[in-house]
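Those protein sequences? They're chains A and B, same order as listed. Heads up: the first sequence is residues 1 to 152, going by this note's numbering. Heads up: the second sequence is residues 1 to 519, going by this note's numbering.
Be a bit skeptical, because a hint or two may be false.
Cut-off 20 angstroms, straight-line C-alpha distance, at most; resulting in silico cross-link-like pairs (EDC-like, lysine to aspartate or glutamate) [unchecked claim]: (1) A:Lys-99 - A:Asp-86; (2) B:Lys-444 - A:Glu-3; (3) B:Lys-5 - B:Asp-38; (4) A:Lys-43 - B:Glu-282; (5) A:Lys-43 - A:Glu-15; (6) B:Lys-284 - A:Glu-39; (7) B:Lys-284 - A:Glu-51; (8) B:Lys-348 - B:Asp-422; (9) B:Lys-5 - B:Glu-86; (10) B:Lys-5 - B:Asp-83; (11) A:Lys-43 - A:Asp-86; (12) A:Lys-99 - B:Glu-435; (13) B:Lys-444 - B:Glu-255; (14) B:Lys-284 - B:Glu-298; (15) B:Lys-284 - A:Glu-15; (16) B:Lys-132 - B:Glu-255; (17) B:Lys-132 - B:Asp-121; (18) A:Lys-43 - A:Asp-6.
For the chain B half of the interface with chain A, some residues (derived, Cβ under 10 angstroms), not all of them [to be verified]: (19) Val-40; (20) Glu-51; (21) Ser-280; (22) Leu-281; (23) Lys-284; (24) Val-419.
Simulated DEER-style distance windows between Cβ atoms [what the hints assert, rightly or not]: (25) B:Ala-120 - A:Asn-129: 32 to 38 angstroms; (26) B:Glu-71 - A:Ser-48: 44 to 50 angstroms; (27) B:Ala-407 - A:Arg-95: 46 to 52 angstroms; (28) A:Met-1 - B:Asp-78: 47 to 53 angstroms; (29) A:Glu-15 - B:Gly-85: 52 to 58 angstroms; (30) A:Pro-113 - B:His-144: 43 to 49 angstroms; (31) A:Arg-140 - B:Glu-95: 30 to 36 angstroms; (32) B:Asp-78 - A:Asn-129: 33 to 39 angstroms; (33) B:Glu-393 - A:Phe-32: 44 to 50 angstroms; (34) B:Thr-69 - A:Ala-100: 29 to 35 angstroms; (35) A:Glu-3 - B:Ala-173: 35 to 41 angstroms.
Hints in this document: simulated from the structure, not taken from any laboratory. All C-beta atoms, glycine included, are put in the ideal place defined by N, C-alpha and C.
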Amino acid sequence: MPEPLDTLIQQHRNEAGGLMPLLHAVQAAYGFVAPEMVEPIAKGFNLSRAEVHGVISYYHHFRTTPPGRTVVQVCRAEACKACGSDGLMAEVEQRLGIKAHETRADGAVSLEPVYCLGLCAQSPAMQVNDRLFARVTPERLPAVLSAVEVAA
Amino acid sequence: MSAVKVFVPCDSAALAAGANEVAAALLNECARRGLAIDLVRNGSRGLFWLEPLVEVGTALGRVAYGPVTPEDVVSLLDAGLLDGGEHALRHGITEQIPFLALQERLTFRRMGITDPLSLADYEAHDGWQGLKRAVGMGSADLLHEVTHSGLRGRGGAAFPAGIKWKTVAGLQAAQKYVVCNADEGDSGTYSDRMTLEGDPFMLIEGMAIAAMTVGATEGYIYIRSEYPHAVATMTRAIALATEAGFLGDRVLGSEHIFHLHVRKAAGSYVCGEETAMLESLEGKRGIVRAKPPLPAIEGLFGLPTVINNVITFASVPVILARGAQFYRDYGMGRSHGTLPFQLAGNVKQGGLVEKAFGLTLRELLYGFGGGTRSGRPIKAVQVGGPLGAYVPESQWDVPLDYEAYAAIGAVLGHGGIVVHDDTADMAGLARYAMEFCAIESCGKCTPCRIGSTRGVEVIDRIAGGANREQQVILLRDLCETMVGGSLCAMGSMTPLPVLSALDHYPEDFGLTAADHQAA
Ligand SMILES: Cc1cc2nc3c(=O)[nH]c(=O)nc-3n(C[C@H](O)[C@H](O)[C@H](O)COP(=O)(O)O)c2cc1C
Ligand code: SF4
Ligand code: FES
Chain A
1 MPEPLDTLIQ QHRNEAGGLM PLLHAVQAAY GFVAPEMVEP IAKGFNLSRA
51 EVHGVISYYH HFRTTPPGRT VVQVCRAEAC KACGSDGLMA EVEQRLGIKA
101 HETRADGAVS LEPVYCLGLC AQSPAMQVND RLFARVTPER LPAVLSAVEV
151 AA
Chain B
1 MSAVKVFVPC DSAALAAGAN EVAAALLNEC ARRGLAIDLV RNGSRGLFWL
51 EPLVEVGTAL GRVAYGPVTP EDVVSLLDAG LLDGGEHALR HGITEQIPFL
101 ALQERLTFRR MGITDPLSLA DYEAHDGWQG LKRAVGMGSA DLLHEVTHSG
151 LRGRGGAAFP AGIKWKTVAG LQAAQKYVVC NADEGDSGTY SDRMTLEGDP
201 FMLIEGMAIA AMTVGATEGY IYIRSEYPHA VATMTRAIAL ATEAGFLGDR
251 VLGSEHIFHL HVRKAAGSYV CGEETAMLES LEGKRGIVRA KPPLPAIEGL
301 FGLPTVINNV ITFASVPVIL ARGAQFYRDY GMGRSHGTLP FQLAGNVKQG
351 GLVEKAFGLT LRELLYGFGG GTRSGRPIKA VQVGGPLGAY VPESQWDVPL
401 DYEAYAAIGA VLGHGGIVVH DDTADMAGLA RYAMEFCAIE SCGKCTPCRI
451 GSTRGVEVID RIAGGANREQ QVILLRDLCE TMVGGSLCAM GSMTPLPVLS
501 ALDHYPEDFG LTAADHQAA
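Let's have the full structure, built from the sequences with the hints guiding it.
Next comes the structure, spelled out in structure tokens:
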């Protein structure tokens, strides 16, 4: 069971600028920041709901819907483009059957663009859940995506 | 007989190439053969085309093998890996590999050599020398030292560090802060990541010296969320350094107090802009603040704050340890010291090259980089991140120096160098620059927020071909508005990659040289 939301709020409410660390903690525990969490967070931090919502929606990293069981990220930035990441993204979309920013209907996988993983000398780069992959050639792609459950 | 030391890096870039699997295979196979090894997880040397780079400690020095896969382990051990034996993957003594031997590693001198989280290793390789000297100096002497070294901010704007520190040092306040910008959002850059993961105590030492100089007692390192390994290593390093008395209530037993915290960013490129970063640290949306007030005067929570990039802080220990003049003597003109250049994209030998300012792009591209990975000719090189210009071959002999680059309308930025071969579509890359600006704009200024979207559309129309000359005029006009009407470099510098692509590669926009003259 994840840590109750109230406990997380208590842990961070007195920390200077504690809203960001709280949101990270919530997302780490629950996988996303659910819309119904906004109100208790706002109360705990003595902020308006609009302020909390504004922060959550501003940052690309925070999700408001549950992610797929596997999260696949493909780097879209220049150094990866220079080594064929546009084609790689198209290939990944095709294999997963979803587009960037989408989660497959069976909940197995989400696909996200990412703007640089710091692996720019070994581009193109991908991340699958917590694992990084460099120099992802079309031949290597099936192995890279092996963590994704095959659609039923 | 003591166990042979074998090094397998734990840097993200090595992990992404399979370093953990190689380490496991080595341990397994050595156990099976009854061979005793002492496996060290070092940082990366920064020779990324060779990762995972396995090194073995021998009487002659460390011998390098790479890139190693788990399947190579058996044949490597058969070939006498543990004695530095001959093998197709052997590159000789690591330090004699030309890519490394030709560098001037001051800041990165420990990189890949030590175990990043070993205090003993750090100490054995000149660690804490700068801080130990700094503790005995007053603020004025420290300021003189940093100023005289000529160190300028390595995050992009190249502002002299000493001047910024002096402003903060001169203010009276109940609380002052030191904040490290580890947002490293630029494509093509990874020197901050390498430092956070590969030599975290160096950053701690640099920040502690800064805190001592300006009288700050609290510090934050703002690390991008895309770098989970960096967050983990830095957090652990702070705990270890605090336990050992290098941080905390009595830094090195002195009266200086310095508490350091890691804060995780959340995927916004603009939060690398220093005032947006402060907003984010305060728990708000990362919207850029108008300046003045300068963050040095009204920074984090409205209090005086030193903000520097990772590499700026990381350069300070060696300056203190070896003296300002030692550092100042590297480089050219007003660009003193060294810059960790980062070779990225379509380059054969991609990796980190720390050199004094003043070498040329051509030396980096061919001397170190060995040309493209694809084997095709190099067409364009983007220097200085996504907001940097595309530099064409006619400019590859310009010395890499802040002022010389400014003179050709380009920037060095954070030292990222992204290589594209002749298949690159420069109109497509210009479009991407506008698209990136549209995605990442904080929304405060109309030319940046809306202009970038209009920019994408205009470039699409140019590519489409209708009224091409007119559309080019429109694009230039739009860029001028963005340059003049944007609060920060996101909006005002996006025109750099766009216009440099247009100016140097008009044919990619469907323009002949003659059309181009007319436009
Ligand atoms: C859009 C934008 C993004 C930036 N991103 C970074 C960054 O990721 N890292 C960084 O150190 N500086 C970045 N900067 C520069 C910072 O605003 C600031 O100049 C820097 O942190 C100061 O440190 P320095 O003087 O040591 O370079 C960025 C600036 C802009 C306008
Ligand atoms: S230029 Fe763009 S990113 Fe910068 S403050 Fe204006 S809107 Fe925000
Ligand atoms: S640009 Fe893709 S990892 Fe840096």
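The hints, checked one at a time:
no., hint, in the structure
1, A:Lys-99 - A:Asp-86, "13 angstroms, holds"
2, B:Lys-444 - A:Glu-3, "37 angstroms, violated"
3, B:Lys-5 - B:Asp-38, "5 angstroms, holds"
4, A:Lys-43 - B:Glu-282, "17 angstroms, holds"
5, A:Lys-43 - A:Glu-15, "15 angstroms, holds"
6, B:Lys-284 - A:Glu-39, "17 angstroms, holds"
7, B:Lys-284 - A:Glu-51, "8 angstroms, holds"
8, B:Lys-348 - B:Asp-422, "15 angstroms, holds"
9, B:Lys-5 - B:Glu-86, "18 angstroms, holds"
10, B:Lys-5 - B:Asp-83, "10 angstroms, holds"
11, A:Lys-43 - A:Asp-86, "44 angstroms, violated"
12, A:Lys-99 - B:Glu-435, "18 angstroms, holds"
13, B:Lys-444 - B:Glu-255, "43 angstroms, violated"
14, B:Lys-284 - B:Glu-298, "16 angstroms, holds"
15, B:Lys-284 - A:Glu-15, "14 angstroms, holds"
16, B:Lys-132 - B:Glu-255, "13 angstroms, holds"
17, B:Lys-132 - B:Asp-121, "17 angstroms, holds"
18, A:Lys-43 - A:Asp-6, "11 angstroms, holds"
19, Val-40, "21 angstroms, violated"
20, Glu-51, "7 angstroms, holds"
21, Ser-280, "6 angstroms, holds"
22, Leu-281, "5 angstroms, holds"
23, Lys-284, "6 angstroms, holds"
24, Val-419, "6 angstroms, holds"
25, B:Ala-120 - A:Asn-129: 32 to 38 angstroms, "34 angstroms, holds"
26, B:Glu-71 - A:Ser-48: 44 to 50 angstroms, "58 angstroms, violated"
27, B:Ala-407 - A:Arg-95: 46 to 52 angstroms, "48 angstroms, holds"
28, A:Met-1 - B:Asp-78: 47 to 53 angstroms, "51 angstroms, holds"
29, A:Glu-15 - B:Gly-85: 52 to 58 angstroms, "54 angstroms, holds"
30, A:Pro-113 - B:His-144: 43 to 49 angstroms, "47 angstroms, holds"
31, A:Arg-140 - B:Glu-95: 30 to 36 angstroms, "32 angstroms, holds"
32, B:Asp-78 - A:Asn-129: 33 to 39 angstroms, "35 angstroms, holds"
33, B:Glu-393 - A:Phe-32: 44 to 50 angstroms, "48 angstroms, holds"
34, B:Thr-69 - A:Ala-100: 29 to 35 angstroms, "31 angstroms, holds"
35, A:Glu-3 - B:Ala-173: 35 to 41 angstroms, "36 angstroms, holds"
Checked against the numbered hints given earlier, this structure breaks hints 2, 11, 13, 19, 26; the rest are met.
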